[in-house]
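Enquirer: Here's the letter readout for the chains.
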Amino acid sequence: MPLRRGGTLVLHCTAPHQGSGRGLRTGDGVDIGTMIRRGLDRLLGRGEGRADSRTVYVGHGAWSPAQPFTPPRYCDNRIVSSKYTLWNFLPKNLFEQFRRIANFYFLIIFLVQVIVDTPTSPVTSGLPLFFVITVTAIKQGFEDWLRHKADNEVNKYPVTVLDGGRSTRKESEKIRVGDVVEVLEDETFPCDLVLLQSSRDDGTCYVTTASLDGESNHKTHYTVPDIETDLLLLNATLECEQPQPDLYKFVGRMYIRREGQEPAVRSLGPENLLLKGATLKNTSKISGVAVYTGMETKMALNYQGKSQKRSVVEKSINCFLVVYLCILLSKALVCTTLKYVWQRQPGQDEPWYNQKTQKEKDTDLYLKMFTDFLSFMVLFNFIIPVSMYVTVEMQKFLGSSFITWDRDFYDPQIQEGALVNTSDLNEELGQVEHVFTDKTGTLTQNNMEFIECCIDGFQYKYGNCASELDGFCVEDGPVNKLQRKAGREREELFLRALCLCHTVQVKEPGPGLGPVDQVDAARAVEERGFIASSPDEVALVKGAMRFGFSFLGLDCMKMKIQNRNKEIEEYDLLHVLNFDPVRRRMSVIVKSEAGETLLFCKGADVSIFPRVREEEVMRIRTHVERNATEGYRTLCVAYKKLSTEAFAQADASLREARLALQDREEKLLNIYDQLETGMNLIGATAVEDRLQEEATVTMEALQNAGMKVWVLTGDKMETAKSTCYACRLFQRRTELLELTVRTLEAGGQKCEGRLHELLLDYHRRAVQDAPPAKGGVSRSWSSAVQDYGFIIDGATLSLLLKPPSSRYTSLFLEICQNCAAVLCCRMAPLQKAQIVRLVKNTKGSPITLSVGDGANDVSMILEAHVGIGIKGNEGRQAVRNSDYAVPKLKHLRKLLLGHGHLYYVRIAQLVQYFFYKNLCFILPQFLYQFFCGYSQQPLYDAAYLMMYNICFTSMPILAYSLFEQHICIEILMDNAILYREVARNASLRWGPFLHWTALGIYQGLLFFFGVHCLFRNPALQDNGQVYGNWSFGTIVFTVMVFTVTLKLALDTRHWTWINHLVIWGSLAFYVFFSFFWGGIIWPFLKQQRLYFVFANLLSSVSAWLVIILLILLSLLPEVLLVVLRKPRASHIQQLKMRSSARKHRDFLSNTGVI
Amino acid sequence: MMASSYSAKEEDGHHSGAPGPGGVNAKSRKPDNTAFKQQRLPAWQPILTAGTVLPAFFIIGLLFIPIGIGLYVTSNNIKEYEIDYTGVDMSSPCFNCSQNYSWNSTKPCTCSVAFSLDQPFESNVFMYYGLSNYYQNHRRYVKSRDDSQLNGNLNSLKDPSKECEPYRTNDGLPIAPCGAIANSLFNDTLELYYNDPNGTKIPIRLVKTGIAWWTDKHVKFRNPVGDGSNLSAVFQGTTKPVNWQKYVYQLDTDPDNNGFINEDLIVWMRTAALPTFRKLYRIIEKQGDATPTLPRGNYTLLITYNYPVRSFEGRKRMILSTISWMGGKNPFLGIAYITVGSVCFFLGVVLLIIHHKYGSRSNNADIAS
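So the protein sequences, as listed, match chains E and W.
Numbering (full-length UniProt numbering) for the first sequence: 1 to 1154.
Numbering (full-length UniProt numbering) for the second sequence: 1 to 369.
Do not take every clue at face value.
Claimed, not checked - Only pairs whose alpha carbons sit at most 25 Å apart, straight line, appear in this in silico DSS-like list of lysine-lysine:
no. : chain 1 : residue 1 : chain 2 : residue 2
1   : E       : K359      : W       : K240
2   : W       : K246      : W       : K107
3   : E       : K139      : W       : K107
4   : W       : K208      : W       : K240
5   : E       : K461      : E       : K309
6   : W       : K162      : E       : K368
7   : W       : K30       : E       : K890
8   : E       : K309      : E       : K92
9   : W       : K107      : E       : K356
10  : E       : K591      : E       : K219
11  : E       : K359      : W       : K158
12  : E       : K1086     : W       : K143
13  : E       : K156      : E       : K281
14  : E       : K356      : W       : K158
15  : E       : K356      : W       : K143
16  : E       : K285      : E       : K174
17  : E       : K716      : E       : K461
18  : E       : K281      : E       : K219
19  : E       : K309      : E       : K139
20  : E       : K591      : E       : K566
21  : E       : K170      : E       : K249
22  : W       : K162      : E       : K359
23  : E       : K368      : W       : K143
24  : W       : K240      : E       : K1086
25  : W       : K162      : E       : K356
26  : E       : K359      : W       : K37
27  : W       : K162      : W       : K246
28  : E       : K890      : W       : K357
29  : E       : K219      : E       : K560
30  : E       : K641      : E       : K667
31  : W       : K30       : E       : K361
32  : E       : K558      : E       : K285
33  : E       : K1086     : W       : K158
34  : E       : K356      : W       : K246
35  : W       : K143      : E       : K331
36  : E       : K750      : E       : K802
37  : W       : K162      : E       : K361
38  : E       : K1086     : W       : K162
These are calculated hints, taken from the structure and not from any lab test.
Given these sequences and hints, build the entire structure.
Expert: Here it is, written out as C-alpha cells:
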C-alpha cells in the first residue's frame, strides 16, 4: 500500500510540470506555483483518504489544459441487479442452494446412496431433492430473467449525452462519470447527476422521488449557481464524497474555471443532486453531469441487503430437527450394533442359502461397519422430511396472499389494500408480545387542523367559522377579535410569520390554466392545494389563510403572500434553515420589500423558549401547556430583525459552511444555533391531530390479547399523554410512573442519583408489591388490582442507558413489564430502535412488533421482529421498510388477532404434523430391522418411500395450513383473549412436541406389530395362498397413509370443499396409484416387487379387517383426548361463542342481511 | 430485485401522486370479493364432543364385538395340524437324514413321520411347509433375483442381472434362474399316506397347481420362448443353480408347470415377510360330499430330506390346514376385534357418564352467563 501511494504521488508530481508548458501556450493565467501546490494538496488528500472524495471532470475536460487528463476509473453505468449470467447460473445457483443446511443434508444422503450399497436406490432421495432443487432453480432463474429484462430496459435506455460539442444518443449503460447528460420531462435520471442547467428560468427543476422513497410530492432541485449557459464552454471539475447510500446527504464542491480568473468555487448539496430513479417533472429539459454511475448510484446502494428476519417457528423447527437427527443417529447406531452382535451367532451372518459376494467378503470389517451405519442412516433418513421445507415455503408464500387479498384492509381513501413485503413472518403476527407504536400518523391521523393560536398571550380561536373550513370569513369576525386583543401589527407579524416560515409548495397549475388575476390568486392557490413534507406546515398555512394571509407561492426565490387587504407582498427568500428533529425548529431569513431582513423561526416550545426573552415566555407558556394537555400539537413562533451587518456575516458563514466538504452538517448546525438566538416570541399555534379511526378499540383489543403497548413518539410528553388517555392506553385509575427530566429535576439532586432512587421506588411499587400472578410468564389477563402506566422521555432514557446507570436497565424493563402501557416521548428515531432492541433482548426474547408511518419509524420497524408500516401521509419510507403495510391502524387488529393467530396455528400444526407423520412412517421400518437380520431391508417399496411425502400426504396438510380456521376470524377478533392461547409459541413447545412424538411412536408400533401379528400366519387369502414381505409392507403403508390423513381430518375444524377434495383425493390417489403401480410390469424396474400386491391384498378379507382395525385403534386415543379435553373453560367458551355466532349468522341470513 | 421492484415502485408513485378520479383503477386495486380470497368459503365445522363421539363409540363397539366373535369362531373352526420334521432330537425319524447331509450326495435320504388326526378335515386341505429362523427377508437375499429373466427375457436369460451375484454364473455359464432365492429353492419332497385301518397305505393325491398367485403364474413368470417347443432347447447355454440337482426345465413333467412357471418355484420366489414363515406346498382337494378330505386316522408323511436347515438353527415343518374366508388359522384378528369392540363400548359408557355430568355443568354455565 505505501508503495502504491508513493507511486501515484510521483506520477502526479511530474504531471503539473508537463502540463505547465501547455498551460503557458494557451495563456492560462493561473500561477504555476499555486497549481502545483493545489494539485499536491488535492493529490495528497486523495492519497490519504481515497474513500473521502472523488473528482469528476465535467464533460471530461481536463481540470485545466495544463494538467494531463488521466480519466479515473469508475464503474460504468450498468445496473446489475441480476445474480446470475447464463454461464454461471447452474454452478452458482446450485452452490447457493446447497448452502442451505437441509439441502446439503439431503445431498449427503444422496451421495451416500450413490457411493455405498444402500437399501434404497439413490432415486428415492435423489428424485425429491432433484425436484426441490429444480423447482427452486427454475423459480430463481425466472426471477433473475425478469431482473435481466428490467436491467436491460434500464441499461439500454437511450439517453442524450453532450460529447465534445455534439449531443449524441447513447445507451444508458455507456454513461461514464463526467458525462454531461440531458434529460427531458417525465424521463427518469439514468444516473446520479449534478444539475448544471435547467430549462426553467429560475434554475430549478422539479423532481419526484416516488420510486426511491415513495414521496410523491415534487421536490425542487437547484442548478449550481454561476454556470455558463453554454455547457460546451464550461470547464469545471467537481469534487464530491465517495458514493454513500443516504438519499438525503450529498456534499461536494465545484470548481468553475474561467479564463483569466481564479476558479470559482460553488458548494453542492443534496439540492443539486438528481438521483437515479427519480423522475423529472414540470421541467422540459435539464442537463447534468454524471457523478455516480451504475452500482454506485444512491439507488443501487440503497437496494442492497435488507437483513432477513427469521421467525421463531423456524427456530423451533431447527430444535425439532436436532431431536430427530439424534433419533436418526441413535436408530442407526442401535441397528448397527445389534447387527454385529447378531451376526456373531453361528450361521446367521452367511447361511448357505445367502452367500456374500466376493467383494463383500473382502471388505474390511470396520469399513463395513461404517457403511452399514451409513446404510441405516439412509434407510431411516426419511424421518427428516425434505418436503417439509418445500411445504413450509409454499404455505408461507401462498398464505401471505390472503393478507393482500383481504378486503377489510382496503382503504377507499388511498385505494390500496395491505401490502406484504415478506412472507416469512406470517406466523410471527400471532406471537406478538410487545407492540411499539408511533403516535403521530399511527395512533393519530396526521391530518392536521389548525385549532387556535395565541398571540402575545391572547387566545384566538377560529370558533365562529370553524364549520366553514375553506371559507373566507376573514373580513369582520377574526379581524375584529384580533383588534380587540393584541396590536394589529403583532397579529400581522404573526400571520406573516406563519405564511413565510415554512417549506410548503403550491401545487403546479395545470397546463390549461391561464394566468390568474390577482384577486382570485388566493382562492386559486387554495384550490390547487399545498404540498409539504409535514402536514403541520400545511395546517399552519391554511390557518393563516383563514385569518386573511394567504401564501401564493414561491417564485424565483420570492415568496408571495396576499395580505388582508388583498395586496400582494413579496419577500426575498434568502435562507431556509431546515427543520431537523434534533433542533426541533426551522427558520427562514427573508427580506421584505421595505428592505428589512427578518428571521422567522418556529419550533417546539422547548427549543424556542430558551432562545427568547423570559417575560414573553411567561405570557405564552400557560397557553402552550393547556393546549398540549388537550392533545394539540403546539408550535411557538418567534422572529428577529437582522441588521445588514449581522445578515452579511450570517450569509457569509452560511455560504461557507455549505461549501464545506467535511462536517458540513455540524458546521451548519452551529451557525443555525448562533443565528436563532435573541429572538422575540410572537405567539404559539395549536394544531389538532385527530385519533385514527378505531384507535381506541384497537389498542384495547391488543391489550386484551396480552400485548404490552408502548407508545414511542418524538412528541412532547403532555401531547403524547393526552393521546394515550384518549385511546385508553392510560385510564383514569392508571397510576402514572413518570421518569422524565421534570421529575428528575424536582428532587434537586444530581440527575443520576435521583433516577436510581425513582427507579427503585417504582420497582417496589409496580413489581414487588404487585400480586405475583402478574409475572411475565403466566401473563394473567385480569387487569386486577392496580394499573400502572410508565412514562419516560428521551433524555432520561439516554441517561438510563449510559454506563453508570445501565445496570438499572433491567430494573426499568421489569417495571415496564408490569405496566399496562408505556409511553416514551421525545424519542429520536434511533432511540426508538434502541428501546425495541432493549425489549427484544430481554429474557425469553419476547416477540416485538413496531408500527409506524414515517421515516422516523423506519429504524424501529427494521429493528423489531415484525415491522408494520402504515400507509399514511408521511411518505412511503416506513411502508418500504416494513414487513407488512396496512392502510390504517385499525387493521392491526385483524392482522394480529385474525390472520396472525390463524397463521400461527396453521404453521405450528404443519410443522408438528410433518415430524409426526415421518416418525410413524419410519418407525415400522426401524422395527422391521429386528426381523430381517438387521440387513437394512426396506419395509416399503421404493415408490412408496419416495411418494409418501411428496404425493400421498403432502396436499392435505398444505390445504389445512392454508385454509384452517379452528375458530373463525370474527370470533378471534371479538375475543382478543383467545390470542393468549397461542402466546409464547404455545403449540411448538416441548410439551406439544412430545405429545405428537408419542402419538407417532404409538401409531408406528401399532402399525408394525398389528400387521406382524396378522402375518404369523401369512395364508390370508381364502385360496390358501400366502403373502410375502412386500404385502406386509404394503399393508403397513396403507394403514399408515389412511391413519395419517384421517388424523389430519380429525384436526381439521374448517372443512371447505378444498379440504374435502384434497383429503379424500389424496386417499383415492393412493389407492389408484397402488393399483396402477402394481398393475403393470414396468420395463425400467429391475424388480417387479409390487406386481399385483395391492390388488391381491384387497382380495383378502383379513387384510381389510386388519386395516380397518388398525386405523381405528390408532386414532382412538386421539379422539379420546380431544373429547376428554373439551371440558376446559376456554373450549366451552369457544363452543358457546361458535354457537352464538352461528345463531347470529343464521339470524342475519334469515333476515336477508347476508 | 432492484430493477424489478423499481418499476413497481414507480407505478406506486404515479398512483399516489395522482389519485385522480379513476373508477376503473379503483376497481382493479380493490381485492376481489370472492369467498376464496376472503377466506369465507362455506365450510363444515365439525366439533368433536363427547356427545358427537358417543354414538360412534357404541356403534364401533356393537359392530366390532360380533365381527370379532365371528372371526374367532371361524378361526377356531379351522383345522390345523403341524409336524416339525427337522430331526433335531435323536428320537425323531429324520435325525439321521439331518445329520448326514451333504449337497452332492446322489442318493436321497428319506424318512417317514407317522401322525394321526383326531378330527376329520372336511373341506379342501392345504399343505404347507414351514421354515423357521430362515431369513428370506434378508436384504442381500431379497434382491438377489432377476425378474426380467424370470419373465422370459432372452437377454436376461443369457446375461443375468448383477443383483444375482454370487449366484449369477457358474463355470462361465449363466445360471437360470439366477440369484440366491432361486438357488435355495425348497427341495424336500413331501408325500402323504393314509394308513387305512386295514394296514394298507393309501397315497393321498396332492395337487401341485393353484398354489401360486394367478398373476405370478400367468404374467410375472414366463418361460423364454425359443425356436422349438422344447424347453431344454431354450435353456441351452445356461446352467442350473449351484444347489439344484435338476435343471430348471426338469422341475416337472407337465409343460404348464415346468421351467420358470413351475409353481413351487414361483411360491418360493415370493419372499416371506418374517423369518418364521410357511409356504403353500400342495392342495388336497375334497373328493366328494360324502367323505371328508382327510378322515380321522393315522397318516404317514414321507419326506425326501434334501433341505439342510441345521447349519443355521432352522426348523422345518409340515402343516395341514383347512381354510376359511379369512384365510388360515389366526386367532389374532378375532381377539383384537373383540378387545377393541369391548374397549370402545366401555369407553362409550364412561363417556356417557362424563357427558351427563359435563353436559349438566355446561348447561348451568349457560344459564349463569
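Enquirer: Hint by hint, say whether it matches the structure.
Expert: For each hint, the structure was consulted:
no., hint, in the structure
1, K359(E) to K240(W), "holds, 23 Å"
2, K246(W) to K107(W), "holds, 14 Å"
3, K139(E) to K107(W), "violated, 72 Å"
4, K208(W) to K240(W), "holds, 22 Å"
5, K461(E) to K309(E), "violated, 49 Å"
6, K162(W) to K368(E), "holds, 20 Å"
7, K30(W) to K890(E), "holds, 18 Å"
8, K309(E) to K92(E), "holds, 24 Å"
9, K107(W) to K356(E), "violated, 29 Å"
10, K591(E) to K219(E), "holds, 24 Å"
11, K359(E) to K158(W), "holds, 23 Å"
12, K1086(E) to K143(W), "holds, 9 Å"
13, K156(E) to K281(E), "holds, 22 Å"
14, K356(E) to K158(W), "holds, 22 Å"
15, K356(E) to K143(W), "holds, 12 Å"
16, K285(E) to K174(E), "holds, 21 Å"
17, K716(E) to K461(E), "holds, 22 Å"
18, K281(E) to K219(E), "holds, 9 Å"
19, K309(E) to K139(E), "holds, 21 Å"
20, K591(E) to K566(E), "holds, 20 Å"
21, K170(E) to K249(E), "violated, 29 Å"
22, K162(W) to K359(E), "holds, 13 Å"
23, K368(E) to K143(W), "holds, 19 Å"
24, K240(W) to K1086(E), "holds, 22 Å"
25, K162(W) to K356(E), "holds, 13 Å"
26, K359(E) to K37(W), "violated, 61 Å"
27, K162(W) to K246(W), "holds, 23 Å"
28, K890(E) to K357(W), "violated, 43 Å"
29, K219(E) to K560(E), "holds, 19 Å"
30, K641(E) to K667(E), "holds, 23 Å"
31, K30(W) to K361(E), "violated, 72 Å"
32, K558(E) to K285(E), "holds, 23 Å"
33, K1086(E) to K158(W), "holds, 16 Å"
34, K356(E) to K246(W), "holds, 24 Å"
35, K143(W) to K331(E), "holds, 23 Å"
36, K750(E) to K802(E), "holds, 15 Å"
37, K162(W) to K361(E), "holds, 17 Å"
38, K1086(E) to K162(W), "holds, 10 Å"
Hint compliance for this structure: hints 3, 5, 9, 21, 26, 28 and 31 are not met, and every other hint is.
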